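Chains as they are written, first to last, in numbering that gives the first Met the number 0: chain W, 0 to 162; chain Y, 0 to 540.
These are computed hints drawn from the structure, not numbers from a lab. Some clues are possibly wrong.
EDC-like cross-link-like pairs, simulated, lysine to aspartate or glutamate; straight-line CA separation at most 20 Å [as the list claims (entries may be wrong)]:
#, chain 1, residue 1, chain 2, residue 2
1, Y, K353, Y, D535
2, Y, K307, W, E9
3, W, K73, W, E57
4, Y, K178, W, E9
5, W, K61, Y, D474
6, W, K17, Y, D113
7, Y, K514, Y, D358
8, Y, K307, W, E53
9, Y, K307, W, E57
Computed from a predicted model, the values in this text were never measured in an experiment.
Here are the chains, one letter per residue:
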Amino acid sequence: MKYTLSILVENQAGVLSKISGLFSRRGFNIDSLAVGVTADPTVSRITIVANGDEYVVEQLEKQLNKLIPVIKVKRLIEGEFISRELSLIKIHCPAAKRFEVIKISELMGAKIVDVAVNTVTLEYCETVEKSATLIDLLKPYGIREIVRTGTVAIDKGKSSVQG
Amino acid sequence: MISGADIMVKCLQAEGVDTVFGYPGATICPFYDSLYDSDIKNVLVRQEQNAAHAASGYARAKMKPGVCVATSGPGATNLITGIATAYMDSIPMIAITGQVRSDLLGRDVFQEADITGACEPFTKHSYLVSRTEDLPRIFKEAFHIASTGRPGPVLIDIPMDIQQNTVESFEYPETVNIKSYKPNTKGHAVQVKRAIELIKSSKRPIIVSGGGVLSSGAKLKLQKFAEMTQIPVLSTMMGIGVMPSDHPLYLGMLGTHGRRCANKALHITDLAIVCGARLGDRAIASPDQMSERTKIIHIDIDPAEIGKNVKVDIPIVGDMNHVMKKLVENIGDFKINDEWDAQVKDLKAHYQSKISTFDGYVEPRTLIGKLSSMLKSKAILCADVGQNQIWCANNFRIREGRFFTTGGMGTMGYSIPCAIGAKLGLKKRDVVVVCGDGSFQMSLNELSTIVQNNLNIKIIVMRNYRLGMVRELQDNLYNGRHSATILNDSPDIVALAKAYGIDSACVSSNEDAEKYIHNIVESEKPFVLVCNVHPDTPSIL
Ligand SMILES: Cc1ncc(C[n+]2csc(CCOP(=O)(O)OP(=O)(O)O)c2C)c(N)n1
Ligand SMILES: [Mg+2]
């Protein structure tokens, strides 16, 4: 089961290593992790996407809560949140193929942010699933490099994660 | 102007600390220099690991955080085992380490070690101090975190320049405000109500009590609850002492090395009321089967322990003291039925097994069984790790005293330094160590600390010339191949003790052992009694 945790932490040195260390120590795998400061500059938000069964997730939430700098841990409910990941994708693309690549990116809603003699770089901000589709479509051209931020997520409607 | 080092001392004073356990070195010298002028006593242990163990013994005796101190690098890394032991056993502790100057951090200079990093998995929280003016807040927070919620060790790593720098003035904060740390102490009223209902509808309830009952000070309340309801009580190793051993409702320690009647009771119960125990693998070998057989109410201050090892029907997160009070208030006149009562009495009588003896040796279980009656009622027994620990856990007839051992980490060498801390915490109590010949040799250097501080600690060494517990495991699982478990050619412990300036004797029968114990408990001096134990003496009955 894939799940998304939204974690509010005190914005202080060493917090990230405490959290990532907890995952590895207890044998939990992280798919992606994204950090950024919140509206309150003393508080950061960490979004973690990981895999595990119900027991594992529950344990994780509790163990995370035990870390002193962790203010709040919330498991986001499937279908009730919006998630996005930013990807920068550089593909091998000689002039002859450029038009095809532009077509694909238009179709998928990606943005072309750099064009060079033999490469095109796309910016894509979507769900992990849609990013995977785009990447599949681009694979035949030859992918040089992909840089992804990891998923960030927010509750739909008026619900939110507050300290 | 006041220096960081002076502030550290003032913080300790503000927390009411009268004793610290430590070992100096260059980077903690500013602190030791300030300590020199203060009324706080530093107990100079002989190895830093024992500073942490001694702080643990002190904390358990005083029911407040123990403090240990070490220098950077090797001093700090020597502390780790002691910190980890305190973490596993939920002991409130403050570990203070010196660190290299902050401008040199991360450059691998002489005696630099990333101790906050290394201790991350074993500390409840840790600080690497970056400004002298933060010291009061950090100390205040550290003591608060160590002693509230589920107790545990907190590490404060202080670079040398932070100790040397001066600030305008010292003011100790009166309150702590940590946004992200607000341990829940009151059990949820609805859950307590559900628990009461479940208890009332149960037919064969038992109480399983752990270290949390003792550390929260809920012992007497639990006894009262048990007496009101006549529900029998088992304990984990960390929970020993929660009931007097001879209490009619007490069935003994459960688990792989526990009493058969305790395990049997756990097998046939229909409701286990688990109090301040995490039900680790040594206590419950097959948790899945247990939750299939019986309903479980689990009360613990640490929400992460509930449901971790055993599936639970009614979880109650809260301080044992508070929850037990609520249970006592709301249980009404419920009493267990006569049938269960009779069954429990029957269990107790049925499993009184006979101990076989070896001629020409001390029988340790019988001796431990008698030991308590030779000591004052409030005596503290510090047991080490190995067969000696199991002999103590199952046979010491505890009355109003305490039983200190490391059930969570099982660190050999714990008992002697623990006793040093316990004695300094409660000077009037009888403090007795029981250890094995292996564990004795892991911390015998502390005999020196005992002598230097004039501590009246009696040490009983159960000498079987074996790492007995591992040897037993090899007998059972490795075809008796005693690989690396023979302690032949160990030193003459009596001569060794005398070399340290401690009187000592060696005995080979229970009669002689008892004679010695009778005499030595009267004296104010430490004593090492070596008991020759047959290597084939088993751990359990
Ligand atoms: C520091 C440490 N190292 C190793 C062990 C593994 N171990 C558990 S019991 C034991 C033997 C203890 O021997 P001794 O102190 O002589 O006690 P006995 O079992 O003979 O009573 C060992 C080696 C341990 N618990 N702690
Ligand atoms: Mg031995």
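Do the hints match the structure? See the list:
1. Pair hint Y/K353 plus Y/D535 holds up; C-alpha atoms about 16 Å apart against a cutoff of 20 Å.
2. Only pairs whose Cα atoms come within 20 Å are accepted, and Y/K307 paired with W/E9 is rejected, the gap being roughly 26 Å.
3. For the hint pairing W/K73 with W/E57, the CA-to-CA distance comes to about 11 Å; that is within 20 Å, so the pair holds.
4. For a cut-off of 20 Å, the pair hint linking Y/K178 to W/E9 stands: about 8 Å separates their Cα positions.
5. With a CA separation close to 40 Å, the supplied pair W/K61 and Y/D474 exceeds the 20 Å bound.
6. A C-alpha spacing of about 14 Å is found between W/K17 and Y/D113, which places the hinted pair at or below 20 Å, so the restraint holds.
7. With a C-alpha separation of about 18 Å, the suggested pairing of Y/K514 with Y/D358 holds against the 20 Å cut-off.
8. Distance hint between Y/K307 and W/E53 is fulfilled; the C-alpha atoms sit about 12 Å from each other, no more than 20 Å.
9. For the given pair, Y/K307 sits about 9 Å from W/E57 by alpha-carbon distance, which is consistent with the 20 Å threshold.
Violated hints for the displayed structure, listed by number in ascending order: 2 and 5.
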